[in-house]
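Trainee: Here is how the chains run, residue by residue.
Protein chains: 4
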Amino acid sequence: MQFRSDNAGPAHPKVIEALAQANDGYAPGYGAEAAMADVTARIRQIFEAPEAAVHLVATGTAANSLALATLAQPWQTIFCTPAAHIQEDECNAPEFYTGGAKLTLVGEGDKFTAEELRAAMEAEEVRGVHGPQRGPVSITQTTELGRVHSLDEIAAIAEVAHGYGQPVYVDGARLANAVASLGCTPAEMTRKAGVDALSLGGTKNGCVGVEAVVFFDPEKSWEFQLRRKRGAHLFSKHRYLSAQMAAYLAGDLWLDLANAANANCARLAEGLRVLDGVSLLHEPQANALFAELPRDMHRRLMEAGAAYHLWGVAESEVERDGPPILARFVCDWSLPEAEIDRFLQVAAD
Amino acid sequence: MQFRSDNAGPAHPKVIEALAQANDGYAPGYGAEAAMADVTARIRQIFEAPEAAVHLVATGTAANSLALATLAQPWQTIFCTPAAHIQEDECNAPEFYTGGAKLTLVGEGDKFTAEELRAAMEAEEVRGVHGPQRGPVSITQTTELGRVHSLDEIAAIAEVAHGYGQPVYVDGARLANAVASLGCTPAEMTRKAGVDALSLGGTKNGCVGVEAVVFFDPEKSWEFQLRRKRGAHLFSKHRYLSAQMAAYLAGDLWLDLANAANANCARLAEGLRVLDGVSLLHEPQANALFAELPRDMHRRLMEAGAAYHLWGVAESEVERDGPPILARFVCDWSLPEAEIDRFLQVAAD
Amino acid sequence: MQFRSDNAGPAHPKVIEALAQANDGYAPGYGAEAAMADVTARIRQIFEAPEAAVHLVATGTAANSLALATLAQPWQTIFCTPAAHIQEDECNAPEFYTGGAKLTLVGEGDKFTAEELRAAMEAEEVRGVHGPQRGPVSITQTTELGRVHSLDEIAAIAEVAHGYGQPVYVDGARLANAVASLGCTPAEMTRKAGVDALSLGGTKNGCVGVEAVVFFDPEKSWEFQLRRKRGAHLFSKHRYLSAQMAAYLAGDLWLDLANAANANCARLAEGLRVLDGVSLLHEPQANALFAELPRDMHRRLMEAGAAYHLWGVAESEVERDGPPILARFVCDWSLPEAEIDRFLQVAAD
Amino acid sequence: MQFRSDNAGPAHPKVIEALAQANDGYAPGYGAEAAMADVTARIRQIFEAPEAAVHLVATGTAANSLALATLAQPWQTIFCTPAAHIQEDECNAPEFYTGGAKLTLVGEGDKFTAEELRAAMEAEEVRGVHGPQRGPVSITQTTELGRVHSLDEIAAIAEVAHGYGQPVYVDGARLANAVASLGCTPAEMTRKAGVDALSLGGTKNGCVGVEAVVFFDPEKSWEFQLRRKRGAHLFSKHRYLSAQMAAYLAGDLWLDLANAANANCARLAEGLRVLDGVSLLHEPQANALFAELPRDMHRRLMEAGAAYHLWGVAESEVERDGPPILARFVCDWSLPEAEIDRFLQVAAD
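Sequence lines, in order, name chains A, B, C and D.
If you count the first sequence from 1, you need to add 42 to reach our numbering.
If you count the second sequence from 1, you need to add 42 to reach our numbering.
If you count the third sequence from 1, you need to add 42 to reach our numbering.
If you count the fourth sequence from 1, you need to add 42 to reach our numbering.
Same shape as in the complex, but just chain A:
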């Protein structure tokens, strides 16, 4: 009954197999291996972007920080939500990599509207050099609260950002889940909606540790590569990154896994929705569910070994009486349906 995070699950067997197959004799390193050329070609195809620059790193934070540092200047501010991973979960890595850019928080949670963004961007930079200057806009797709931006929402955000001459970056640690959820093409959800750069996450969706950073305009490619090396994120034995990514994208495994994870979450939601005292924060659109559960239900689940995060409160809080407590349940592709059903049964008892 593992709902703690999609990075607690295993890698897909095909990814492990690809690592073993890549382990064959000598190979050039640092991305010069043949497999990387294949990865680049495949990602360009997926995003219908034949000129795109494609580079690999091993962690999502590296992808976000290096991409934003390439897009932002140190005297700028990056527009994101208060719930953004770059704000909440990276221990100031974006500030470190950008050389001290600021993050301006827009909206109240995991999304902002184009109008909220416009107001925030309009408020900056009215006094010459004194305040932070306007910088890139960063959104997360799938969001940190398990929601998905619609194509229209992304396009409207991009229009505002571009109106101020700023690029749009998508933290795509769970990009696959969003594509699966929307049923659109990857290009429609990104490049065609006005996105300028993105990360395509593998780690949370069946890989060992690999994320692709994609710039649709390849002009920034060399600077990114220098930043990646300077940040100590260039792998000498790079073949083990490209092998993962190649296996992940082959035959649309990435979307199959995302569909599986999303389906798991939908099954969980269906079961929880009908229980007394349970209320969903919002309809899950991908592989994460946020729901308030009565405290005795939490106690039963935890005793039975269910693993998940209470949201914003300590676990000890469950022991006390009080109102329902919000929790996050993340489903990965490997979660057995029987485990979901067992969880629901314990919850219902």
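Treat the hints as calculated values from the structure; they're not laboratory data.
You may find that some hints are simply not true.
As the list claims (entries may be wrong) - Per label pair, the in silico range of CB-to-CB distance: (1) C/157 to D/56: 26 to 36 Å; (2) B/157 to A/363: 16 to 26 Å; (3) C/358 to D/201: 34 to 44 Å.
Stated by the list, open to error - Straight-line Cα separation of at most 25 Å, PhoX-like style, residue types lysine-lysine; simulated pairs: (4) B/234 to B/262; (5) B/262 to C/262; (6) C/234 to C/262; (7) D/234 to D/262; (8) A/234 to A/262; (9) D/262 to B/56; (10) A/262 to D/262; (11) A/56 to C/56.
Glycine included, C-beta positions come from ideal geometry on N, C-alpha and C.
We have chain A already, so just place chains B, C and D on it with the hints.
Mentor: Here is chains B, C and D on its own, set in the frame of chain A:
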């Protein structure tokens, strides 16, 4: 009719005279001149802190950034208000000097309560290394909106900060105006209320360009000095900084000037308060007044040559019809009463 | 005939197998997995340091930069050789991670004597805040030119560094090869000789991508962990790092592989030494050989497909007439003896 | 008998007078005051560069660090001499401001030849992203050892730098002394010789604390201004910087003062040259003299109150027997001839 900023006015003649007197033959530099020892002794006396470390820089942003960088780690977040000079007016200098620390905005304007601070500090650092770690608390006294923290407010804030093991820094660009306003001793308003470090501004209150940074615990003194040098803020001809500060503090000139500025502001407030259509944002407590004025009143004043900042809107907005517009009026010590009265007369016409 | 680098070869099958075995169901991440506790215990045992802090990263540059940033202050200078990887091969990563510390180059090549170090350290910091302050000493073992510091050399260097209150760091990307070469214990070569912190490389010696950073004084552990997270080097699926390292250290595989690589290099040296026109830069002590070869010999070898680096000159230089050209030949553990012999035969023809 | 530094002397009375005159009522700040426009026009005229960007800061280290940070990328290396102020005397300020660029030391002392520069630049950046990338070239004119680059030397250096697509920066803390020494025009020594950017020092030559930074290509102006603000080096009461610089440049006061300082140094050299046991390191070309003096001569001079720096040894060394000791003697414009003669008399006794 100059209400634009207290840094638009002249230096006090005694400060200029001190510069001329300091210009006498050879002298050691870099703070080793005799005058700096006098400045240190005087500031220790003022704050009743015989061990305090005292160092001079030429700008308020340097004072804030260097002090906070000495108190904070790059992986921490500094707690301040949304209106804080360090957030709004320093083009990311704090992020630069700290090596990428974050600023967490507490409250809605220029002040936060101890309870708001506690909630914000409590929310951080619940997940090990992942989020930003708790860092120093920074308040501004006199605030950016012309208000003054009471001794109780400061003590309550310091108690919360210290409860989390974090120091309290006071951006004292207008510290003199607050001391004058409260009628307390400088020590009561700072060290005795729990403040750990502060800047004592000279630039906005009669100096050419000098700010003292004071650490009540001298342990951080050497690190500050290295950071000041590395930040290119150590003056070779340092005597011209210490001469200013010595003249500023001699015979309590600094408080006389602050009282004069505050009195100017009170006179302005008295006159504006009674005019039709004018409403004060809050009672001015020091030398800055925020008030909403009807648009035709703004037009009359600007035509007559009054200089002040509209708050958050472009000057062109005045030409259109609409509701009253908020403006900031800052009074410095040198403002002639006749100018205030002329301003009020134009406003009243 | 692959002598280009020890990061061009494959991982050892046991390491790949360990990755596959680690891929079993759900596991805590970020180093909280059970395997990491085993790795820590094993490394403490190897270095006879029951209190040591042990952390994993995926690249050698990350290990060096994060460790040095933890040991150095931004206003200090790190003492290293002109050939040091941190100086020559990391695109300013140490400067980035330390926040702008300087590197002072001591000696002429890959080693410096204790006396050269003393002279360099003595020359710094004679003028208060003005110059860079003395910082940590960094040596590489095995060096970038394939040599090994003796225990006495390390002890003498450490004595000088400690005399100035500075720690000694060892870039141990090829630490295993040095231990194998000296025939001492890992503890004798490091902790007992005065080393304060080190990296223990896996990537160049049979792993996919993993390096351990070891601090004998665990006081710096938490700061290192914050820096690792902020540098985006903390793996969520950390189990795949600990699995590699566990397999690498199990049954002294790490030393077996180093011995194999060193033996390959010795075989190559034996064969090259006797050829006309070939001169060795110095006796190889580990797995890298530097030798001058006649240009026609280079031409024959390259035509036959031998892969290695010319040292400091472009490959096109081989086509011209001229004096012998220096080249670097690195042997990894996987190099077949038959390939070495074939290389020697081509060279001799 | 003050030969310690040209920053130990007073400001010229006209500069102090200008400060007093600038202290007249309200004025816009941050460089928007009318006097700054005059300064810009005057500097453009002096360098025959009608498009040049001109900005003021208060310290030489700020000028160097901000200018180099504007010209260099963090992954580059700046080429300078081992004696360069940016290497030896700025506590890593260039590394801080550039975000971690490296300094590559060329030559043995205070100058390098174009050929030495070419060799150093050629050696970098031969391996893609791995090493530091080539960056700007920085020379000091007058050098830290009191020598002056000839126009031909500068032109040859610039040709090499430009051949690699890199700009040339001149640390001109003592630019005036070099112009006075060479008897050329400021434009001939800089822009016409291929210099791209420079600092024009005032602090060491009669000002209180002001340096101009000049970019002949104004494209970098806005970035410099953002960096200056972010570095806390933008003065609110900027009029006191522009007043100094205006007075300094008016009627060629800057060159008059440099000529006076240089003449003082020549008088000192004439007197010292003929004394037994004294040897000059090289012919002084500006206002600094380096000479070896017998230890008893040092003792006599110090007892008599002469102030100057021993070069690289502690003052206590003078008390012991031994060979002559090198010392630096810097003459400023205000040094009375009688003091020089008294010094020479004590030395000769």
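Trainee: Could you run down the list of hints and mark each one as holding or not?
Mentor: Outcome of the hint check:
no., hint, verdict
1, C/157 to D/56: 26 to 36 Å, "violated (53 Å)"
2, B/157 to A/363: 16 to 26 Å, "holds (24 Å)"
3, C/358 to D/201: 34 to 44 Å, "violated (25 Å)"
4, B/234 to B/262, "holds (19 Å)"
5, B/262 to C/262, "holds (20 Å)"
6, C/234 to C/262, "holds (19 Å)"
7, D/234 to D/262, "holds (19 Å)"
8, A/234 to A/262, "holds (19 Å)"
9, D/262 to B/56, "violated (39 Å)"
10, A/262 to D/262, "holds (20 Å)"
11, A/56 to C/56, "holds (19 Å)"
When held up to the earlier numbered hints, the structure conflicts with 1, 3, 9 and fits the remainder.
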